[in-house]
Amino acid sequence: MQIGRYSSRLLEKAVEEFSSLPGIGKKTALRLVLHLLRQDKEVVERFGETILRLKSEIQYCKSCNNISDNEICEICANPARDHSLICLVENPQNVMAIENTQQYNGIYHVLGGLISPVDGIGPADLVIEPLEKKTRKGEVKEIILALNTTMEGDTTNFYLYKKFSEFEIKITTLARGVSIGGELEYADEITLGRSIKNRTLFVDTIQL
Amino acid sequence: MDTLYLKNLSLVQFKNYTEASLSFSKRINCFVGDNGVGKTNLLDAIHYLSLTKSYFNPVDQQNILHGKEMFMIRGEFERAGRNEKIYCSVRAGKKKVVQRNGKAYDRLADHIGFLPVVMISPADSALILEGSEERRKFMDTVISLYDKSYLHDLLRYNRVLLQRNKVLKNAFKTGLPASDDELALWDNQLIPPGERIFSVRQTFTEKLVPVFQEYYHKISGENETVSLEYVSPLFEMSFPGLLMKNRDKDRILQYTSGGIHKDDLLMKLGGFSLKKTGSQGQQKTFLVALKFAKFAFIRETNDIKPILLLDDIFDKFDPRRVTEIIRLVSENEFGQIFITDTHLDHLEGILKQLDADYKVFKINEEIKIIRQPVS
Chain A
127 MQIGRYSSRL LEKAVEEFSS LPGIGKKTAL RLVLHLLRQD KEVVERFGET
177 ILRLKSEIQY CKSCNNISDN EICEICANPA RDHSLICLVE NPQNVMAIEN
227 TQQYNGIYHV LGGLISPVDG IGPADLVIEP LEKKTRKGEV KEIILALNTT
277 MEGDTTNFYL YKKFSEFEIK ITTLARGVSI GGELEYADEI TLGRSIKNRT
327 LFVDTIQL
Chain B
14 MDTLYLKNLS LVQFKNYTEA SLSFSKRINC FVGDNGVGKT NLLDAIHYLS
64 LTKSYFNPVD QQNILHGKEM FMIRGEFERA GRNEKIYCSV RAGKKKVVQR
114 NGKAYDRLAD HIGFLPVVMI SPADSALILE GSEERRKFMD TVISLYDKSY
164 LHDLLRYNRV LLQRNKVLKN AFKTGLPASD DELALWDNQL IPPGERIFSV
214 RQTFTEKLVP VFQEYYHKIS GENETVSLEY VSPLFEMSFP GLLMKNRDKD
264 RILQYTSGGI HKDDLLMKLG GFSLKKTGSQ GQQKTFLVAL KFAKFAFIRE
314 TNDIKPILLL DDIFDKFDPR RVTEIIRLVS ENEFGQIFIT DTHLDHLEGI
364 LKQLDADYKV FKINEEIKII RQPVS
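If you read the sequences in order, they're chains A and B.
Its first residue numbered 127, the first sequence is counted upward by one per residue in our numbering.
Its first residue numbered 14, the second sequence is counted upward by one per residue in our numbering.
Hints in this document: simulated from the structure, not taken from any laboratory.
To list a few chain A residues with every Cβ distance to chain B over 10 Å, as calculated: (1) S133; (2) E142; (3) L147; (4) I177; (5) Q219; (6) N220; (7) Q229; (8) G232; (9) G239; (10) E265.
Okay, derived cross-link-like pairs now, EDC-like style, lysine to aspartate or glutamate, Cα gap no bigger than 16 Å in a straight line: (11) K182/B - D245/A; (12) K288/A - D193/B; (13) K281/B - E237/B; (14) K288/A - E195/B; (15) K288/A - D194/B; (16) K116/B - E89/B; (17) K161/B - E315/A; (18) K262/B - D193/B.
Footprint (simulated), chain A over chain B, 3 or more residues, beta carbon under 8 Å: (19) 155-168; (20) 178-186; (21) 197-207.
Bear in mind that the values here come from a model prediction, so they are computed numbers and not experimental data.
Beta carbons: idealized from backbone N, C-alpha and C, even for Gly.
Based on the provided sequences and hints, a complete structural model is requested.
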């Protein structure tokens with residue numbers, strides 16, 4: 127199929143907007159647009175309204191910088207959670223990933239990026255202030271650094287470690303090692319090497 | 014020591030071959046023919062089966078026969094007494110496929126090093142004539158074959174370097190110098206892999222150089238002093254010290270001026286620069302000795318004799334050196350050899366005197382075997 131000649135200007139515009147999304151090419155965009163056209167009017171209106179409201183109504187939690195419907199997100203507003211334990215992550219997807227483990231009862235802090243000059247992100251572009259304030263007030267006992275295990279993640283970890291080392295708090299990081307259910311021979315050398323070096327007491331691994 | 018040799022090779026639409034099928038001697042194989050008939054392409058096909066890529070052209074698609082959609086290379090090796098069938102194909106617009114005994118590799122990197130080859134070609138002169146990057150690449154490829162964490166360190170180092178240089182550039186644009194804190198942040202990431210790479214390169218060259226010198230003297234028959242010296246700014250100063258010392262300079266230059274990314278191998282002959290004063294024959298001897306040393310290194314670390322691919326190496330050599338090279342490679346330290354040459358007479362004259370089994374392939378429109386001595 128030849129893409130590039132549309133029978134309608136409106137169609138062309140819609141395709142252009144859809145294909146500006148990450149991972150969507152012109153062909154997929156056209157398929158999505160045509161699909162929407164075939165739907166009932168109400169369905170399309172609801173779709174459009176949701177997108178409009180998304181941008182105008184969504185807020186960033188004043189406490190943790192996660193995406194939220196309110197000034198303070200549900201996690202931060204929950205009194206049953208441990209507010210002295212902070213898990214520091216890059217983005218909202220990471221919060222969801224850790225929430226899905228159902229193993230964590232502290233709260234989060236969303237940085238909004240990793241230090242990467244190539245992507246135009248310097249230390250000043252990270253959202254750290256709310257966390258710094260909380261720590262200064264003595265509300266924080268432990269910060270868990272849970273960033274990606276990339277070089278940029280490590281660099282950001284180090285930056286934050288320096289920044290928070292003036293406070294008397296515990297700074298921890300996620301364990302790195304062999305994935306559960308995986309076979310040793312398929313683990314990559316770097317991870318396996320690290321796991322050997324940072325081996326743990328067997329007693330601690332027994333689930334009681 | 015495990016044995017390794019290629020038993021047979023078949024090509025479909027690879028470079029200038031529509032179809033070809035050959036079976037080889039365990040020892041010496043000679044491809045003889047005029048310029049442009051495709052002798053080197055046969056060596057490159059073997060290179061593909063070993064390293065999943067061409068030695069000459071990094072773009073896979075461009076190795077397809079002109080006007081066709083795909084190429085296939087098939088080879089049957091014997092490695093440590095086992096048959097290994099390797100298949101490699103490239104289709105226009107598709108991912109390259111490499112199979113071992115009918116099973117496709119998920120990661121091509123898993124195949125690299127399994128069937129080692131060493132290629133010696135006129136293109137290697139870049140090692141002497143071009144910038145230091147070529148010589149670092151030479152060290153890096155050999156070391157990566159046996160040290161997996163080295164490659165990891167190297168990738169990481171280059172990534173940090175990219176980020177650090179970006180900080181310097183960005184700062185220059187805004188007019189405010191990059192802050193000490195921000196540079197220290199990247200220095201901290203740069204130092205550990207940088208120091209490890211430095212130490213691995215040091216150990217590597219310490220082992221490589223004596224072997225290289227021995228080969229040089231064997232081939233040249235002369236006693237001129239030949240040297241290969243690993244140079245790095247880290248010999249003079251610790252890496253943290255170097256970064257600190259260069260900090261203001263880096264701010265002006267907008268890039269990181271010191272580190273293992275400036276390492277080099279100094280090549281000297283009789284105390285003078287090989288590039289400036291060495292004759293073409295001497296330079297070539299240097300390269301062949303260096304590649305032989307690489308061969309010996311891979312052989313010792315992997316406990317297997319790599320396959321040796323000699324592309325047009327006798328050009329610019331005097332008859333004495335040619336004889337010496339052939340004599341060397343027919344010794345037991347080497348395994349299977351593939352040689353290309355335009356003239357048969359000379360090559361065969363030497364081969365006949367030696368004890369080794371050899372096979373000659375005359376390459377023209379169709380490949381035919383013109384002589385196959387009984388082994």
